[in-house]
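Read top to bottom, the protein sequences are chains A and B.
583 is the number of the first residue of the first sequence in the numbering used here; add one for each residue after it.
583 is the number of the first residue of the second sequence in the numbering used here; add one for each residue after it.
It is possible that some hints are incorrect.
As the list makes no split between identical chains, a pair holds if one copy fits it or if it spans any two.
[Unchecked claim] When the alpha-carbon atoms are kept at most 30 Å apart in a straight line, the in silico DSBU-like pairs for lysine-lysine are as follows:
id: 1; residue 1: Lys593; residue 2: Lys752
id: 2; residue 1: Lys701; residue 2: Lys591
id: 3; residue 1: Lys824; residue 2: Lys727
id: 4; residue 1: Lys634; residue 2: Lys930
id: 5; residue 1: Lys757; residue 2: Lys865
id: 6; residue 1: Lys593; residue 2: Lys904
id: 7; residue 1: Lys707; residue 2: Lys988
id: 8; residue 1: Lys814; residue 2: Lys767
By construction, these hints were calculated from the structure, which means they are not laboratory data.
Protein chains: 2
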Amino acid sequence: MLQSKYFIKTKKEASSDEVSVNAQFLTRGGFIDKEMAGVYSFLPLGLRVLRKIENIIREEINAIGGQELLMPALQPRELWEETQRWEEMDVLYRFQDQQKKWLALGPTHEEVLTDIIRKNINSYKDLPLYLFQIQTKFRDELRAKAGLLRGREFLMKDLYSFHESEEDRKNYYQKAIKAYKKIFKRCGLDVLVAEASGGAFSKEFSHEFQVQTPSGEDLVVFCPNGDFSKNKEITDLREGAKCPNCLAHLIDVKTIEVGNIFTLGTKFSEAMGANFLDKNGQKKPIVMGCYGIGISRIMGAVAEVNHDERGIIWPEEIAPFKTHLISITAKDKKTDQKVKNTTKKTYKELLDLDIEVLYDDRTEISAGAKFADSDLLGIPFRIVISEKTLAKNSVEIRKRGEEKAKLVKIKEIFRKLKI
Amino acid sequence: MLQSKYFIKTKKEASSDEVSVNAQFLTRGGFIDKEMAGVYSFLPLGLRVLRKIENIIREEINAIGGQELLMPALQPRELWEETQRWEEMDVLYRFQDQQKKWLALGPTHEEVLTDIIRKNINSYKDLPLYLFQIQTKFRDELRAKAGLLRGREFLMKDLYSFHESEEDRKNYYQKAIKAYKKIFKRCGLDVLVAEASGGAFSKEFSHEFQVQTPSGEDLVVFCPNGDFSKNKEITDLREGAKCPNCLAHLIDVKTIEVGNIFTLGTKFSEAMGANFLDKNGQKKPIVMGCYGIGISRIMGAVAEVNHDERGIIWPEEIAPFKTHLISITAKDKKTDQKVKNTTKKTYKELLDLDIEVLYDDRTEISAGAKFADSDLLGIPFRIVISEKTLAKNSVEIRKRGEEKAKLVKIKEIFRKLKI
Chain A
583 MLQSKYFIKT
593 KKEASSDEVS
603 VNAQFLTRGG
613 FIDKEMAGVY
623 SFLPLGLRVL
633 RKIENIIREE
643 INAIGGQELL
653 MPALQPRELW
663 EETQRWEEMD
673 VLYRFQDQQK
683 KWLALGPTHE
693 EVLTDIIRKN
703 INSYKDLPLY
713 LFQIQTKFRD
723 ELRAKAGLLR
733 GREFLMKDLY
743 SFHESEEDRK
753 NYYQKAIKAY
763 KKIFKRCGLD
773 VLVAEASGGA
783 FSKEFSHEFQ
793 VQTPSGEDLV
803 VFCPNGDFSK
813 NKEITDLREG
823 AKCPNCLAHL
833 IDVKTIEVGN
843 IFTLGTKFSE
853 AMGANFLDKN
863 GQKKPIVMGC
873 YGIGISRIMG
883 AVAEVNHDER
893 GIIWPEEIAP
903 FKTHLISITA
913 KDKKTDQKVK
923 NTTKKTYKEL
933 LDLDIEVLYD
943 DRTEISAGAK
953 FADSDLLGIP
963 FRIVISEKTL
973 AKNSVEIRKR
983 GEEKAKLVKI
993 KEIFRKLKI
Chain B
583 MLQSKYFIKT
593 KKEASSDEVS
603 VNAQFLTRGG
613 FIDKEMAGVY
623 SFLPLGLRVL
633 RKIENIIREE
643 INAIGGQELL
653 MPALQPRELW
663 EETQRWEEMD
673 VLYRFQDQQK
683 KWLALGPTHE
693 EVLTDIIRKN
703 INSYKDLPLY
713 LFQIQTKFRD
723 ELRAKAGLLR
733 GREFLMKDLY
743 SFHESEEDRK
753 NYYQKAIKAY
763 KKIFKRCGLD
773 VLVAEASGGA
783 FSKEFSHEFQ
793 VQTPSGEDLV
803 VFCPNGDFSK
813 NKEITDLREG
823 AKCPNCLAHL
833 IDVKTIEVGN
843 IFTLGTKFSE
853 AMGANFLDKN
863 GQKKPIVMGC
873 YGIGISRIMG
883 AVAEVNHDER
893 GIIWPEEIAP
903 FKTHLISITA
913 KDKKTDQKVK
923 NTTKKTYKEL
933 LDLDIEVLYD
943 DRTEISAGAK
953 FADSDLLGIP
963 FRIVISEKTL
973 AKNSVEIRKR
983 GEEKAKLVKI
993 KEIFRKLKI
């Protein structure tokens, strides 16, 4: 992609109402644009990151048998009344259409999917079933804040599982935990798997996937030995107390919740009449589980934990591009032409090798401004070609986040990038 | 994909309130599920079709320089007031959030994008610029009807172009027409490119891409020689009148509009102050164009025009799978095992060759029911393996929509499918 043609407008400063690190860097880097509090557009560069996170999730959920569908945002009041959540859910956008019919904007899809299930599933032979979607959710938050961390409109993956028995659901729950760990690892996030309240649905704990960061809104108490991790809401143990399992001292950390999984039991299937006939022909309510991941929130969380003072440091798998190729204008015209030609040739070779590359071909921008932009964008490998590097038949490669750049012979670039 | 594990529940009849052909077949085939009037879920099979249409559009719009972004559905009243469309637009869902702030659900995105543009574009050097999104749109239709043809929530591609001059916009308009023709051709649709009203934005005509079908809501008058085609709304000429260009007799046809392109001129840029500095340093409003395609509507239109009495006949590029592999249970156990083994082997080979295949491995379903389902799903190539075909070392291949099936030697299947 030629940077001169690409819609990236970096900014020296974010607007003063953006206090969170993720909103500041994502706005300054031209990844997102704020429409109003808690509602952002994803500009071309930001959409690339979002799609990569989305695809990692899609791959890993497909790998545990998930089948993707797409449910509506508009949802009729009647469905929400069947589960008594029309009044109960405080963040529900509710409104009337031209015909005075009451609608909600879906913050979640248990009602809609349970309705689909009761219309289509009758027998134990149809179970288990795992259905997920990657879809925009809406929450009427009183205080939307912290950029992509707490939004009013945001992208989520929600997976729902349907089982004959609690036992089968529990087995799948463990599979989901493993898949979630893979997903967050691929997104470059270290997560704590913390026990949390099962909510209104279950006496069991649910599990939250929490990223440690001082900007987090949640509080997790955990044992450094890894055998205890709970959301502060469900434990009286404090920092310094002894771990109930290994007696080590517990630690409090602030966290961002990027995913959660919990049992729904038969709450929705009983309320809505989603039943199946078991092997003996007996009618039973379907046992359900629910598994969420905040896709746009992951993008925000990564920016919160992976940055330095100059910008974001994108993990390779979700970076908007793998390489940022930069040519530095030389004073002498002939030399400059040589620099440009070499850069163009390198650009073409990277494209031919299917290595994603953003090529900063802008001519009226100083080297310093190009480097500042490059750090702000946070692309993993910066490749600089200049008069100086050319004199040594080399290019300069720097990994974002590392101080030292390396001179690499031109013919060895591609081998280096494959590592 | 194993059909026994896949969430497809075909139905013998659609619910009685679905009168349109597309809603009936798409519902009966398990492609979509109706949540309420004008609002549908896309089930796994239907989502596959939707994504294929989406990707064709993405490829062709990328090819004419489009850069993809994603804008919000929630939009603040203030933006719509800047263009006087808050009151004007009759299909706008309007409501207040918890803080009594007025919001709209975007039926289109001129306001949001023009806001992004005025914040980011300053100079002629940034132009032209082509930005598009593939996104859910909302229209508070009094009478949602005809399945996916007139919905309240639906998927669209909207492209917006930004130019220094009318001349440049006009050049791009011609490129867009070409890209649109390619898109509809790849989706298996013949379109008429009809002149229509430029609306409030322009004295020029806009262009609509119209699919002929008796179930269409629009009326187009066109010349069979191809030199005249207008939406009935902008002409007094009727069927039988002489073509103003070639004197042939004009024909009236009912149509479905699947896309449109029109000039916005400087309506939005002037109302919202989206200006640029030209080469002489003079401030001017940006000239804009707008280009829409109904993605879910294409899916409905294809079902309307490509079907027989048994179900949809999907064009190859947007079919949910390329092949439908069906094994027919044999009475004799040993023979049945042989049929199953051959089918499994064929299934694996198709997967290895990256040929998309739905494998009807269901054992308790009669051959007749499998064939009926297969016709209903409308997958282009049906491959049947049975005791009878096996006796001739062959499989039976039938192209959906053709009456005759061919016996093909097993080792020649793959060559046949590549054609």
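How the hints compare with the structure:
Taking the shortest Cα distances, Lys593 and Lys752 never come within 30 Å of each other, neither inside one copy (49 Å) nor across copies (32 Å). With identical chains, the CA atoms of Lys701 and Lys591 are at most 30 Å apart between copies only, with a shortest distance of 10 Å across copies and 49 Å within one. In this homomeric assembly, Lys824 and Lys727 never come within 30 Å of each other (Cα to Cα): the closest approach is 35 Å inside a single copy and 64 Å across copies. For the homomeric pair Lys634 and Lys930, the shortest alpha-carbon distances inside one copy (23 Å) and between copies (29 Å) are both at most 30 Å.
Taking the shortest alpha-carbon separations for Lys757 and Lys865, only the intra-copy value of 27 Å comes in at or below 30 Å, while the best inter-copy value is 60 Å. When the C-alpha separation of Lys593 and Lys904 is checked against a cutoff of 30 Å, the pair qualifies only within one copy, where the shortest distance is 22 Å, while the shortest distance between copies is 47 Å. Proximity of Lys707 to Lys988 under the C-alpha cut-off of 30 Å is found in neither arrangement, the shortest distances being 60 Å within a copy and 34 Å between copies. Proximity of Lys814 to Lys767 under the C-alpha cut-off of 30 Å is restricted to the intra-copy arrangement: shortest distance 24 Å within a copy versus 58 Å between copies.
Going through the hint list in order, the structure does not satisfy hints 1, 3, 7.
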